[in-house]
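Trainee: Now for the letters of each chain:
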Amino acid sequence: MSATRAVTPPDTKARVGRTGPAEPRLGSTLLRHLGLAVVAALLLVAASYGLEPFRNFQLATVAAYLCATAGLTVLTGLNGQLSLGHGALMATGAYTVALCQNAFADAGMTGGWLLPVSLGAAVLAALVVGAVVGVAAARLRGPYLAGVTLAVAVVVPALTVTFDGVFNGEQGLAVPVEPPPVALGAYFPYERWQLWVTAAATLLALLLLANLVRSRYGRTFRAVRDDEVAARLAGIHVARTQVLAFVVSAAGAGLGGALLAVLAQSVSPGAFSLTLSLFLLMAVVIGGLGSLAGAAWGAVLLVALPDLTHALTEQLTLSPAVAQRVEGNLPLAIFGLTLVVVMIAAPGGVQGLLSRLTRAVSARRAGRRRS
Amino acid sequence: MTRTARRGLALATAITLLVASAACTGDDGGGGGGTVPGVTDTEIVVGTHMPLTGPASAGYSKIAPATKAYFDHVNANGGVHGRKITYKIMDDGYNPANTQQVVRQLVLQDKVFAILNGLGTPTHTGVLDFLKSNRVPDLFVASGSRSWDQPDRYPGTFGFNPDYTVEGKILAQHVKTSLPGRKVCFLGQDDDFGRDSLVGVEKVLGAGAVAAKQTYVTSNTNVAPQIGAFKAAGCQVVILATVPGFTALAVGTAARLNFKPQWLVSNVGADHPTLAKQLGAAAGLLEGMVGANYLPMQNDAADPWIQLFTKVNKEYNGDAPFDGNTVYGMAVGYLFVQVLLAAGKDLTREAVTEAVRKGGYQGPGLAPLRYSDTDHSGYGGQRLTRVSGGTQAYFGPTYETDEGDGPVREHTAPPVAPPANGVPTAS
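Residue numbers (numbering that gives the first Met the number 0), protein chains in the order written: chain A, 0 to 370; chain B, 0 to 426.
Treat the hints as calculated values from the structure; they're not laboratory data. Every residue, glycine too, gets a C-beta built ideally from N, C-alpha and C. A hint or two may mislead.
Not everything, but these chain A residues come out facing chain B in the computed CB check (under 8 Å) [claimed, not checked]:
id	residue
1	Asp163
2	Phe187
3	Tyr189
4	Ala270
Which bits of chain B does chain A cover? Going by a derived footprint, with three or more residues having C-beta under 8 Å, they are [said to hold, decoys possible]:
id	segment
5	115-129
6	216-228
7	275-289
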């Protein structure tokens, strides 16, 4: 119980505590989310034309990570379950997509519909693994849950070495991906296409997650997080809710891993190490555990941080050897430091800070209007 | 309702502005017509990806700085056709996902002219198609995988190391001629490295000649089961296709099990200074180890190449510890400068790949470089080394062979001397 409470972000508690929406909402939740998704899609298409290819690729990587961090936010932020094994669930999705794409290529099949099929299979595979882990997780609390998910993070990459006939050991598998459709033109930048594919999948996943969060299930998730006994008294099946949260979260992670494999055109156990699982958790905590927007900040952070440290070490005048050493290890240190600073200064994470700011600004404006 | 309308209008305006600005930048990017990425009148920018951190960085992290030091030496001597070489080194931690990021950054963001000496089979495999579709020359990949030698599929990709099958054949030839009748066993890394090497060994010794075959993965640092199996099988000769850390592990584990075979080690994991550093007080166990190499021995102070590279290392590399990786990095730099010279003053990507295809390069290497229209592999042979009295030295002739069924021949052409100032000149 106490450990479950420990991961509850104070910010969301405050928001849950507010009674009712401040203004009447227009239309249904689904329509509102659909509208947001369409706007986001339009913005992304515009951005894909405005940005350079490398930035497109980085944005696509952010989108891939966002699937995983959003999943983790639903699990940890909304349901109060901790997972140190989401990197392994990403690996499940990634390997499934690799095996499917290779099977299609071997069978001589081509076509634009193959990738969605592979991605669907990846989500399904991660869902199954997530259900198994989730059933175990529903019986465990706090440090024990962390221990089990940690074991998943260690075991899944190790399986690729044990069954190296299928997974090709540490060298991993190539992921053959079709070039952009000919209809887009012969010189359509590949990175823009990658952004379109990943962003489409991510927006769909986010749309589903956002609706889930606002639905009855989302409310039971939060009820279980805030107080299991009270939730049970209110007629909520706690274990079932926890398994469901884990399954949903695993599906998100599986899709994220699959998209990452498609972007990298290769998959190997080294890409889904324990470090990745820890990074994911740190990213969602820094981003803000309470909301999907926080997951977005976390995903941005995962991609931007190595880039920033590279730029930073380029500014410093160090001997080349020292600079390279520092650059490799600095992201870890900075990530850790950021986590400590954010937890002290803004316990709600980046998103918590932002919403507090906007609330303050709008309150001031409202006050001025009244006077 | 008006508020929604106002919001919608604002969003629409924002999108229109974004699209408009996109159209402008798009024109700017494409308007450069005819210029070569990474090349100006005074500069050539090339990039690489290396494991500078992480488990694979031991030894390998010294290669790129050594290459950079050699380029600094060339730059101080006037550069190539008046252009200075800038070498961008990116750390990928030996993780293919990172390699994707950093190589894209080099090609799309930093606009490098070529990728030089990208290290690692799994890491580099992932960027082959990307480099091909962007027509970036992919020169002298630092790995002996046979994947780099596919002129039809990857016309711009060239290897540097002798491929692992060639190496396996040469090591096995030594067993056949100098250690006949001994029981031979094989320990290989569980990927292309180990597999290709075993193919070479079996090509020379015959398919059934290897009594026990074992593999290892770098994520598991316990090789006692494998070494125990060798001992149980009564192996007298063990051929290792291992990275340095696992050569040291295998030798150390065998000593603990009181098992003393003759070790034959791939050039990948046979650098004595690296191994001695890992084994520490137990470095004496390396006595008698036979290895393979194809570049001048780093402790051969009489070799003119070593004299040159030591000088460059002192002046431009902060006098970093000098070992086989330093020699390797500088040899790559020397070959690249030769290729740039051969490509001519009007430097284009096509000219550079054409210059490599023409072949005929001679440098510090003992074995011949084989580049041609149909062959994109690097060095075609090796010479054996032995550790005696705590120093590693060459013995016997240099051998060359192919990755097929060709014989293992002696290579008799004498090595060439470096130019006086250490910078190649256009021939």
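Trainee: Confirm or reject each hint.
Mentor: Against the structure, the hints come out as follows:
1. Asp163: With a closest approach of 6 Å, the Asp163 (chain A) hint holds.
2. Phe187: violated, 12 Å
3. Tyr189: Cβ of Tyr189 (chain A) sits 7 Å from chain B, so the hint holds.
4. Ala270: holds, 4 Å
5. 115-129: Three-residue rule met by the segment 115-129 of chain B, so holds; n is 6.
6. 216-228: holds (count 4)
7. 275-289: violated (count 0)
The structure fails hints 2, 7 (numbered hints given earlier, in ascending order).
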